[in-house]
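Keeping the supplied structure of chain A fixed, place chains B, C and D upon it in accordance with the hints.
Protein chains: 4
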Amino acid sequence: MINPPLGRKLRMALIGGAGNAFIGPVHATAAQLDHRAELVAGALSSDAEKSRAAAPAMGIAAERSYGSYSELLAAEAALPEDQRIDFVTIATPNDTHFEIARTALQAGFDVVCDKPLTIARDEAEHLARLVSETGQVFALTHNYSGYPMVRQARQMVEAGELGQVQAVRVNYIQGFLCGLKPGEVPARGVWKSDPEKAGSGTLGDIGTHAYQLACYVTGWQPTELSSVIKTFHAERKLEDYGHALIRCREAIGMITFSQITHGRLNDLTLEVDGQDASLVWRQEEPNQLVVRRFGEPAQVFDRNPRAAYTHDLSRAASRLPAAHPEGFFEAFANIYQGVFDHIVANRSGQQFVCDGSKYPTVQDGVAGIKFVQACQASSAADGIWMEL
Amino acid sequence: MINPPLGRKLRMALIGGAGNAFIGPVHATAAQLDHRAELVAGALSSDAEKSRAAAPAMGIAAERSYGSYSELLAAEAALPEDQRIDFVTIATPNDTHFEIARTALQAGFDVVCDKPLTIARDEAEHLARLVSETGQVFALTHNYSGYPMVRQARQMVEAGELGQVQAVRVNYIQGFLCGLKPGEVPARGVWKSDPEKAGSGTLGDIGTHAYQLACYVTGWQPTELSSVIKTFHAERKLEDYGHALIRCREAIGMITFSQITHGRLNDLTLEVDGQDASLVWRQEEPNQLVVRRFGEPAQVFDRNPRAAYTHDLSRAASRLPAAHPEGFFEAFANIYQGVFDHIVANRSGQQFVCDGSKYPTVQDGVAGIKFVQACQASSAADGIWMEL
Amino acid sequence: MINPPLGRKLRMALIGGAGNAFIGPVHATAAQLDHRAELVAGALSSDAEKSRAAAPAMGIAAERSYGSYSELLAAEAALPEDQRIDFVTIATPNDTHFEIARTALQAGFDVVCDKPLTIARDEAEHLARLVSETGQVFALTHNYSGYPMVRQARQMVEAGELGQVQAVRVNYIQGFLCGLKPGEVPARGVWKSDPEKAGSGTLGDIGTHAYQLACYVTGWQPTELSSVIKTFHAERKLEDYGHALIRCREAIGMITFSQITHGRLNDLTLEVDGQDASLVWRQEEPNQLVVRRFGEPAQVFDRNPRAAYTHDLSRAASRLPAAHPEGFFEAFANIYQGVFDHIVANRSGQQFVCDGSKYPTVQDGVAGIKFVQACQASSAADGIWMEL
Amino acid sequence: MINPPLGRKLRMALIGGAGNAFIGPVHATAAQLDHRAELVAGALSSDAEKSRAAAPAMGIAAERSYGSYSELLAAEAALPEDQRIDFVTIATPNDTHFEIARTALQAGFDVVCDKPLTIARDEAEHLARLVSETGQVFALTHNYSGYPMVRQARQMVEAGELGQVQAVRVNYIQGFLCGLKPGEVPARGVWKSDPEKAGSGTLGDIGTHAYQLACYVTGWQPTELSSVIKTFHAERKLEDYGHALIRCREAIGMITFSQITHGRLNDLTLEVDGQDASLVWRQEEPNQLVVRRFGEPAQVFDRNPRAAYTHDLSRAASRLPAAHPEGFFEAFANIYQGVFDHIVANRSGQQFVCDGSKYPTVQDGVAGIKFVQACQASSAADGIWMEL
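Protein chains in written order, with the working numbering: chain A, 1 to 388; chain B, 389 to 776; chain C, 777 to 1164; chain D, 1165 to 1552.
Looking at chain A on its own, in the form it has when it is part of the complex:
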């Protein structure tokens, strides 16, 4: 789509994503899915050689494949306005997010950053200040909040269809660490097991997704938590399992995360208990949402852009008729849709309500790092309650 009123696609640069990385190519596909953006530049690896080698497969021309993020940002900033990139996507190890994001923002580019935002809280808050001061667009790819039925859930809560929310349970259960033999190095994402580069293990990798999902759907801003985290896998230096109990006024939520559960793949489940109804959503069957009320038959809502029951955020996030399954790419692309709407609005002097409903913001990133650090601190103190 030639974004009206701009009359052109947005230009994207990708930092990270070379080799057998998982998430870099996901960003490329998701950002371009709806034909509103074009990947034109990249610094795909911190190794200049690898970076250039990986560019053609991404459709990046040789002359805009850079050897480092700083080179990319400098060169692109120097291009004429009608050629230079509009935004940068950061898909690099956690410990590098801060510097790249800060430099990109200061160079005037909008930013899409993988989660977790940073590994240090002050860095996260620094970025939040920058975003607030400049009004630039900054999105964190908590992609699960991009699913149409998650957005349906949020709007059902918001509209009061569940009544006051009393309790939430989010379980994010994976088992990929079980595939790691003693002494073996993982096939990809090696840095994720390195305390220096990752800052946390399962907490940052998936716990933050679960926490953000709970907050996205309920609108909660939890005030304290109690957590116990564990390291079960013999080769592991970081936590790979845990629970965090969160409080938000009178309500409570339980966040459970595991990467050591054999054969469980990407099993993120959300349960919300409201005073008038409850709901369940599962990432592995993302096109359905189950809502229950006492004494009534359970209702299975399908993602269905034409159904009268569909709320507007859910409708806008659907591309296909019901039961033509949409999945991970589309949800991820919905985050980018929000980002593009905001960028276009900024460029064309329109309003955009940046409340986190269309894409997770830098504030979600700050909340995520607080969550990670509070869990680590609480667990170290045997589960005492920590303020968030």
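It should be emphasised that the hints constitute simulated quantities derived from the structure, not laboratory data.
What you were told as hints is all true, and nothing was included just to trick you.
Think about it this way: if two alpha-carbon atoms lie no more than 20 Å apart in a straight line, the pair counts; the simulated EDC-like pairs of lysine to aspartate or glutamate are:
| # | chain 1 | residue 1 | chain 2 | residue 2 |
| --- | --- | --- | --- | --- |
| 1 | D | K1534 | D | E1360 |
| 2 | C | K1006 | C | D970 |
| 3 | A | K181 | B | E549 |
| 4 | A | K192 | A | D95 |
| 5 | D | K1345 | C | E1072 |
| 6 | C | K785 | B | D422 |
| 7 | A | K9 | D | E1227 |
| 8 | D | K1394 | D | D1358 |
| 9 | D | K1173 | A | D34 |
| 10 | C | K957 | D | E1460 |
| 11 | A | K237 | B | E638 |
| 12 | D | K1173 | A | E38 |
| 13 | A | K9 | D | D1198 |
| 14 | B | K397 | C | D810 |
| 15 | C | K957 | D | D1440 |
| 16 | A | K230 | B | E612 |
| 17 | B | K618 | A | E250 |
| 18 | B | K569 | A | D276 |
| 19 | C | K1146 | C | E1000 |
| 20 | C | K785 | B | E426 |
| 21 | B | K397 | C | E814 |
| 22 | A | K181 | B | E684 |
| 23 | C | K1006 | D | E1388 |
| 24 | C | K785 | B | E451 |
| 25 | D | K1345 | C | E937 |
| 26 | A | K370 | A | D122 |
Take a look, some chain C residues computed to stay more than 12 Å from chain A by CB distance:
| # | residue |
| --- | --- |
| 27 | R787 |
| 28 | F874 |
| 29 | P958 |
| 30 | D1088 |
| 31 | L1164 |
Being a predicted model, the structure only gives us computed values, none of them experimental.
Don't be surprised by glycine CBs; every beta carbon is placed ideally from N, CA and C.
Positioned in the frame of chain A, the structure of chains B, C and D alone reads:
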């Protein structure tokens, strides 16, 4: 079945179960399902009139319908040995279990008691001592451990098929309190909401089932717990929601219980993470057990007495071929099968290994009351760890 | 229950059921589940020795364990009225049903007969005449129509909640023949593979269940069918797979039956398409019924005796609260409940509306044999339409 | 991806797809998903005005937005080779496929055509001859054969993992016609209800998908069929429901199709019975495949590019790790992947084995029209067997 070598059915008395009580008739049906026992006497209500009125529908003759449990125990004890009851089932409010059970044991009768065992820990331990001293049979109807696929799970763990168990999650989610309008009295089980008579709410009612299930399948004897319990329902004087984190050496388990989740009916789910495999079982689909191993297709085991994969406890607990659904009554009856095996063994001088695998024992009852009280104490102290 | 106004349990005799037979003990358990009947006599095998050996495990006293059905009927008829049996259950090979049923009816006993009714159509019609002339109770255990949610489905159709029914699909898929090695004799039900004794294979064994289920729920009386049946298993002399397309005025139904589908156990599925709604029910998850309407969320109805949505036949067929799974025995027992209601009504001069809603009648048996024979004839003529 | 060895993206033209059409935009997104092709030209409507208006949203430049397909083909053929399109996608009403496809082939362009291929058999065969003579690429978008787990199923069958296939059942159940009020015109796809333009109703729309799926997975080339089709919806001029029984040597298959089943969305289910195993796949849960063997636990295979169990076609068709749901777009894009591989092979003098495993060919189109016409003829003659 005319239990060999006794050559007769066992004779049962039921205490409680009149009116619109749920669990009394379940005991009657479950105990008689396999034709090994016959309900011949009852004190179905603490109101002598109601007790007699309810007897015919249970098939109890007028002359053995008693006005109170003490009357029943005295009269039956006075009957000749070839007429008097063999065992007593106690299906009365929690606070009355102790006195009835103690009296029955002292009168020489074997006992089947509904859970939770008692509302006071010393009472539970008193009963445990009595059972230990006398060698009488004493079973607690944690009926969910009677399901064939739960027994399959236990034996898979025991046989090492899952490797060392690292984590367990048991969720017991109901929503029946949502049906209770402000000021309304529940249709049955009124005493369950009375702190004096129940001792606890959701904890004792379903939390103990979840805890027992975790221990039954894993063989754990947890050493400490941290719990937060809540009362969400406006009319409620007792807890109706909560979490308990349990520790057993290096492993951890999370027990979650709710009776305020709209439209959830009797959703007890067990997940076990072993070093070599994981499993999932759901009470609402009790005839299946899902086992997963990294990199392999998930395996759905059906209750199947003829399959080579079926362990002996599971096989013995099945009455029908696979996919001829068995349910709640059969699981409940499996507890009674264990009780009957033990009674017959005692009467005929045979050995019976009373390890809790065939029916939950008085020790499970002691563990249950410890669990309830530790949860209450931990939650009152904001979740500090309590020894079990 | 001491059936009012009779003031006693009904007395049952079982013919067949010795050895490792499956269905005989099911009858015994189902008939006695609700304490309204007592199994007091039996001719459990056509071998007098085996018959007597099997009696104790069924709780039948030696003096009422007979060497043959004719001996049983004669001896029981000679007993005083307050001792003799009330009804006979026939759980023998198909080819023996007719003689036993006829003799029992002529001896004045009510009859419960396993399906299919007979292997010859004139025999079936003979029995139907007898029943009609005598007014005796005669039930055929198409037990799947005893499930509460099947009864709910029937009453939803009857009440017009689905609008006019346009199409039905019933699939009954099993795979037990796959376990039969070349040359091997099945562990039980050997006669089922013998054309002389069975009359048909998969058609009679499960096809008739599927057909009856379609008719039970829709109220249809199909007028013609077209069928293709196959024998895939190498050892098989009878059909083990097939389809039958049925017509009922403007509507059509497809009945599919297989016993050669690896690993499928007892997978009977019903789908009904009405002008206003559609429904799906699966025997392997019998406590749920899914109803769908265009543009609305799918509704999952649970078996729930207390829910306002539950029709009266479904409510009466439930023994336990929702999500306390009921299964095969309970559904089977519901057929017996209808039989007992009818017997008691007959004995006490009350009316009983024998419309097939509470138990399948001899007319269902006649319809079943017509179905089997029309399928065989149609298939032999390459699928031409046959009148029913 | 800059397709090696071509070193560039392929250039695509889209015919049809303007307005609120469903399938045109799907082609655009699917073809471009993997960055191997670029939509550069279009004749999006048969109305020149509408065609030009719709172009920008598709990212098509004004100068390559044409007023008709003939204009497009002439103008593009006249462009220099390094600018002109490589292939044409036809997403127009059924009755126009033939002329457009023939013209495009004759102009030297490769073709991707929506199904069904044509509405007349001689036209389909004409196209097949043209393709055969020219060696040009011609694909038919039976997109469901693009799902990774469908490809897994095909290769499991091919590798003999199921043994000889004896029976197949494919049900394709939708309910969207139920949303059509009396007298109402559908929101899109109006031509689908016009006998002149569509040639058939539900048969061509979804029956051909079901038939192709059965053949794709089993490798069958059925020789005859018997069918009954019905028109249930009051407003309908074409069939909207039916069954077709197909024969392939000793094996049989049942194809069922409905567009009048309330609330069923896009429920395409495949069941294959082999002598050694059976399988089930559902389009609405496309990332899983269930395989069963007698006496063993059912196996649930997840789409998992890293699992050892994954066959190569399935692996190549996966973009994301297991349980990161892929859906309709990706399956559709897999058809395009096969097309692109073939085009690139043709252009670079490499071999491409065009056996229908990577994309459905013009021969699938011929088979589809034969299927449709045989069903119509069989049903008109009350279900007699028709040769295919």
